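There are 2 protein chains.
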Amino acid sequence: MKLKVTQENLNKALGLVARVANTRGTLPILSNVLLKIEGNRLSVAATNLDIAISCQLGAQVQTEGSLTVPARLLQDFVNGLPSGVIELEQDDQRLKITTDSYKSVINGVSAEEFPVMPAIEGGTSWKMSAPLLKKALQQVLMAASSDESRPVLTGVLFQTVDGVLYAAATDSYRLAEKRLTELKQEVKLLIPATALHDVLRIINDHEGDITVVHDDQQVQFRAGDVELVARLIEGNYPDYRKLIPTSFATTAVLARSELVNITKVSSLFARESAGSIVVSVDEPSESIWIHAVASQLGENNATLKVDAKGSGSITLNSRYLIDGLQAMDAKMIQIGFNGKLEAVMLAGSEADDYLHIIMPLKS
Amino acid sequence: MKLKVTQENLNKALGLVARVANTRGTLPILSNVLLKIEGNRLSVAATNLDIAISCQLGAQVQTEGSLTVPARLLQDFVNGLPSGVIELEQDDQRLKITTDSYKSVINGVSAEEFPVMPAIEGGTSWKMSAPLLKKALQQVLMAASSDESRPVLTGVLFQTVDGVLYAAATDSYRLAEKRLTELKQEVKLLIPATALHDVLRIINDHEGDITVVHDDQQVQFRAGDVELVARLIEGNYPDYRKLIPTSFATTAVLARSELVNITKVSSLFARESAGSIVVSVDEPSESIWIHAVASQLGENNATLKVDAKGSGSITLNSRYLIDGLQAMDAKMIQIGFNGKLEAVMLAGSEADDYLHIIMPLKS
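As given, the protein sequences belong to chains A and B, one line each in that order.
Numbered per the working numbering, the first sequence spans residues 812 to 1174.
Numbered per the working numbering, the second sequence spans residues 812 to 1174.
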């Protein structure tokens, strides 16, 4: 392997790929990136066995070959180089890197030992806009569980219902659902939230379409020259749509940013009670109240004028309320609830493609 | 105590003062701020017994009084409030805080239990420009030691020599000295670096003069409405000026930013050797070389064209070289050294008010 690439391109590729390489695993080669000539391009790839990311970049190729080298070192090194041309040359299991000012040798490991994820063959494929997928992931990922004892809840469900694709996640304390796009194919994919955090990273600057390809076992996201493959989660996802309330005894319509502010301030007084706050809506006075008590520290009452229908109060985890409100887009939102034991729903006050549900705390 | 203040002023005062309050100490009241009416102003103060910071702000005072309340809670709370008028009212040992939207009660502790640092009486006093002091602290603080076994080295020495005030710090591995200003008074103050980090914080936005007042035990920095008092370190500071080399067998003049870059990149290969790199200057080829070897990872040679006088090489800790270079202001710098066991000096290539000395590693 001998080739020339620009520092800019190699640095960008390593920035997308190298973070997947894991220096603390039991298999040392997983801390390496695979460099491989494919035609007249250089492929840079890394995997943690659950997901694999690869990126192709233009190169001036002199001889073929492949090698793995420590991901972190190569990334930090290339990132520190001045912009311009870099020459890479393989010398058995060593990678020589030369620029005007630098002559470096990085010790590597044979590419034959690098684990490759199985290809997706004959799968289904569809496209969606990268900015829409990015927004959806930002809005639902926080609701996925990090508790491995119920693996299905650590995923995000991509599912078509009546020809519309939705993304949804729940950790059983809260639920977020985003309406994505109309789609002819029937889709039901449960994708690990951890993999989707990496998807979010690789599509971050991508303006065009994302191609999604999947079979029963794996899903691939392709954004330009970057590909990410992840294993799907097996198991039955709960029928979360049954949990979405369709009518409310009490609703309040108000500016989202103002409710965020008073909830944040109130949460300072909720530390002793594990974040517990009481939200009350009062129709006669057209107001919402948030009450928090910290027996040692003191107490806080905050209020806002709202458009209220019905009166009632409910106890919530302030952290979940802040997360939910911050995930929303709408300026004016509606908070709606029924009894003290039923779910609270946050949604835009106008028709919206996002809803967020929070289960109450016992009070 | 009953008064009105603006959220902006109280928030700014708490931002300057509250960080000194320590929630992990053995004396619980040290995690509180003291609020105290002084004339028609509110004084906000905190201390950790080594330093004390206080800030005065304009207030509309109705009744006198004083109280201490948890610093972190009050700061976070006030920071979250909308701008506008806040009413503070003392109710025995509780502080009631009222705004348009909030009614809060924070439980406090009597002001009588709050420790007060002794006043500086009949001390010496002088002034210097805040931006100059800020720059000096940014340039010398990193050279102070954090090893409490030699307390004098944990301080920064402010000392007049022949009518000029210098600030200097050394941890015995490196030394930084900044020429500050001409000064008529004779000054010799050893001030804890930890206190000076707080000084840096309180003078950060201050454009005018700083007043420095000190006696044998304490020093006070006054910037507008903010005061910081710190205990001085006792003991004899080493005569560091003897260590400053006055001539060099080898010198190189080059752009500081370029030397920073190649040192950073080289340091990636110096992790296995505790940061050790070899810096070589070669007069015939007019170049500087940095060589780093990581037996497992590989090796790196980096070079730059320089204006060289004499040839030689020396082994340095790359971290110290980067720190020193980054603390400098000059665009073009000179690196000079003698034998392998003698100190390396970094200074501006033109007359400069800052110098940085690094002791070599054994090679």
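It should be emphasised that the hints constitute simulated quantities derived from the structure, not laboratory data.
Worth double-checking, as some hints may not be accurate.
Calculated lysine-lysine pairs in the DSSO-like style (CA-CA distance at most 30 angstroms, straight line) [as the list claims (entries may be wrong)]:
no.: 1; chain 1: A; residue 1: K1142; chain 2: B; residue 2: K813
no.: 2; chain 1: B; residue 1: K1151; chain 2: B; residue 2: K1120
no.: 3; chain 1: B; residue 1: K1120; chain 2: B; residue 2: K1075
no.: 4; chain 1: A; residue 1: K914; chain 2: B; residue 2: K1075
no.: 5; chain 1: B; residue 1: K1075; chain 2: A; residue 2: K815
no.: 6; chain 1: A; residue 1: K1075; chain 2: B; residue 2: K1151
no.: 7; chain 1: A; residue 1: K1075; chain 2: B; residue 2: K999
no.: 8; chain 1: A; residue 1: K1116; chain 2: B; residue 2: K914
no.: 9; chain 1: A; residue 1: K813; chain 2: B; residue 2: K1116
no.: 10; chain 1: A; residue 1: K907; chain 2: A; residue 2: K813
Model, not experiment: these values are computed from the prediction.
Here is how each hint holds up against the structure:
no.	hint	verdict
1	A:K1142 x B:K813	37 angstroms, violated
2	B:K1151 x B:K1120	16 angstroms, holds
3	B:K1120 x B:K1075	24 angstroms, holds
4	A:K914 x B:K1075	15 angstroms, holds
5	B:K1075 x A:K815	23 angstroms, holds
6	A:K1075 x B:K1151	59 angstroms, violated
7	A:K1075 x B:K999	48 angstroms, violated
8	A:K1116 x B:K914	15 angstroms, holds
9	A:K813 x B:K1116	27 angstroms, holds
10	A:K907 x A:K813	9 angstroms, holds
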